[in-house]
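Taken in sequence, the protein lines are chains W and L.
Just so you know, the first sequence maps onto residues 1 to 268 in this note's numbering.
Just so you know, the second sequence maps onto residues 1001 to 1249 in this note's numbering.
Treat the hints as calculated values from the structure; they're not laboratory data.
Treat each hint with caution, since some may be false.
[To be verified] Here are the simulated DSSO-like pairs of lysine-lysine, each with C-alpha atoms no more than 27 Å apart in a straight line:
1. W/K13 <-> L/K1014
2. W/K121 <-> L/K1192
3. W/K55 <-> W/K213
4. L/K1013 <-> W/K110
5. L/K1246 <-> W/K110
6. W/K69 <-> L/K1246
7. W/K155 <-> W/K110
8. W/K69 <-> W/K155
9. W/K129 <-> L/K1014
10. L/K1014 <-> W/K69
11. W/K55 <-> L/K1014
12. L/K1192 <-> W/K134
13. W/K13 <-> W/K213
14. W/K129 <-> W/K55
15. W/K121 <-> L/K1246
16. L/K1246 <-> W/K129
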Amino acid sequence: MGVMIRVENLVKKFGDFTAVDNISFDVPKGEIFAFLGPNGAGKTTTIKILTTLLKATSGTVEVDGLNPKTHENEVRQSFGIVFQDPSLDQDLTAWENMDLHGVLYHVPGKVRRERAETLLKLFELWDRKDALVKTFSGGMRRRLEIARGFLHTPKILFLDEPTLGLDPQSRNQLWTHVRRQNEADHVTVFLTTHYMDEAERVADRIAVIDHGKIVAIGTADELKQKTNAQSLEDAFLALTGSTIRDESATSKDQLRQVAQMFRGGGRR
Amino acid sequence: MNAIYILWLREVKKYSRSRVQIIASLGQPLLYLLVLGFGLGPMYRRAGGSGSYLQFIAPGIIGMSVLFTSVFSGIALLWDRQFGFLKETLVAPVPRIRIMIGRTLGGATVAVLQGTLIMIVCLIVGFRPVSWIGIPLGFAFMAMIAIVFAALGTSIGSSLQDMQGFQLIMNFLVLPIFFLSGALFSLDNQSKAMSFVTSLDPLSYGVDGLRATLNGAAHFGAIVDAAVLAVVAVGLLCLGAWRFSKIEV
């Protein structure tokens, strides 16, 4: 089996702050790979580099054998993504959001409409398809984002904390669907989550990242063995410690935090 | 091509759904048109202006509406950044230039629609074009103004990180563009300094073009106006495309 994602000595700095600090890993074709880590560990930054939204400071990145820096559009065609934070157009209807996505990903009209219908039904949004997204509840928006991520059939699916704010039913629906896609179409899945049970249930391999560095990588059992832990949660805590991290929603917020630390340094 | 069309359609749909905003955006031009148009009318006549002042400023007010609507549609990029939709378009397998063109043409279309509404209002309150043939030509100038400033808005929207710079842009760029365009006064017989500054303002040529086609009187002349607007449009589209390609989120 070939390698779908290759990351070698990847570094991403925002000013003086190092968000991703020299990480290397491979994800083989068809694998479900989970990225676990506390808030601000560098998970989303890594995904943004892999998905052409950010440029790496140094290091090599390959997605399906291509460099996201030089082959932006080819790389973009190869993946689908469900973002951590909202990315819907709230002034459009659910159906229009799906349709727009399909057009941007070159899904032919007939296929696009069929798949949109199937997915909206699967995530129980079909009867609200013509309502504006701004009238949707948080959970419904989340489900729509996920449904949209499945509209085209990508080689790689990036799921950045996809189950945030979802009820157990929708979570179950999501992971079942991810599994099915993975088995039927050999879609490589790259996911991040804070729910250890999910990672253990779905992922073939898990990488634990903290302060921008990968601290452990392996199957859930390997991680538990390595740390002599009973559960993945214990293994995770053993690897990353139990201090609570500041929430950093975006790279900009991280920068702002660094700036604040400088300004407020004396008072702390 | 499809990507350009669907992003264009998005802008038009969003505009047609914001009825309250459409009505609200008629307020300011109406004030200029009615209060200044009728209020300064007697003074304008005494100063020896030809026709009525309302007749004189109507093309300027149409130009103003097109300017504001198109710049803001470009700056709306900031909202998309804030609400996250921008990311969705930036990871799509579509060259960024097409995304930028779709958005810009959509914004320009919306601005022309808004300009049309103002033109209808002008016709209702007493504005009369010299000939009806002038109206389609007027639309051509409206479209050029719209493209120029939608592209400018896109460049600005791509470069700003948050809403904090917005007020700055409004007070030090958009309003000066409007006031220096000769929308409210004639560019004839101005001092050297004033003539120089107004000749640097792209909207001067837009308003002049509208006046040439609708009122039959021009300062630069319609040909010069069209040529300058076309060149500026190409330049700003390139600038917008370049700024847009540099966006990181």
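To see whether the hints hold, each was checked on the structure:
Straight-line distance between C-alpha atoms of W/K13 and L/K1014 comes to about 38 Å, which puts the hinted pair past the 27 Å bound. Only pairs whose Cα atoms come within 27 Å are accepted, and W/K121 paired with L/K1192 is rejected, the gap being roughly 68 Å. Between W/K55 and W/K213 the CA atoms are separated by roughly 18 Å; this keeps the pair inside 27 Å, and the hint holds. At roughly 22 Å between alpha-carbon atoms, L/K1013 and W/K110 fall within 27 Å of each other, so this suggested pair holds.
A threshold of 27 Å between alpha carbons decides the hint, and for L/K1246 with W/K110 the separation of about 34 Å lies outside it, so the pair is violated. Pair hint W/K69 plus L/K1246 holds up; C-alpha atoms about 12 Å apart against a cutoff of 27 Å. A C-alpha spacing of about 21 Å is found between W/K155 and W/K110, which places the hinted pair at or below 27 Å, so the restraint holds. Under the criterion of a C-alpha separation no larger than 27 Å, the hint pairing W/K69 with W/K155 is consistent with the structure, at around 19 Å.
Only pairs whose Cα atoms come within 27 Å are accepted, and W/K129 paired with L/K1014 is accepted, the gap being roughly 17 Å. Note on L/K1014 and W/K69: the hinted pairing is violated, with a Cα-Cα distance of about 33 Å set against a maximum of 27 Å. In summary, the hint linking W/K55 to L/K1014 is not supported, as the alpha carbons are separated by about 32 Å, beyond the 27 Å threshold. Proximity of L/K1192 to W/K134 is assessed by CA-CA distance (about 53 Å); at most 27 Å being required, the pair is judged violated.
The suggested pairing of W/K13 with W/K213 holds, with an alpha-carbon distance near 13 Å, which does not exceed 27 Å. Distance check on the hinted pair: W/K129 and W/K55 sit about 36 Å apart at the alpha-carbon level, beyond 27 Å; violated. Distance check on the hinted pair: W/K121 and L/K1246 sit about 38 Å apart at the alpha-carbon level, beyond 27 Å; violated. Proximity of L/K1246 to W/K129 is assessed by CA-CA distance (about 34 Å); at most 27 Å being required, the pair is judged violated.
The structure is inconsistent with the numbered hints 1, 2, 5, 10, 11, 12, 14, 15 and 16, although it conforms to all the rest.
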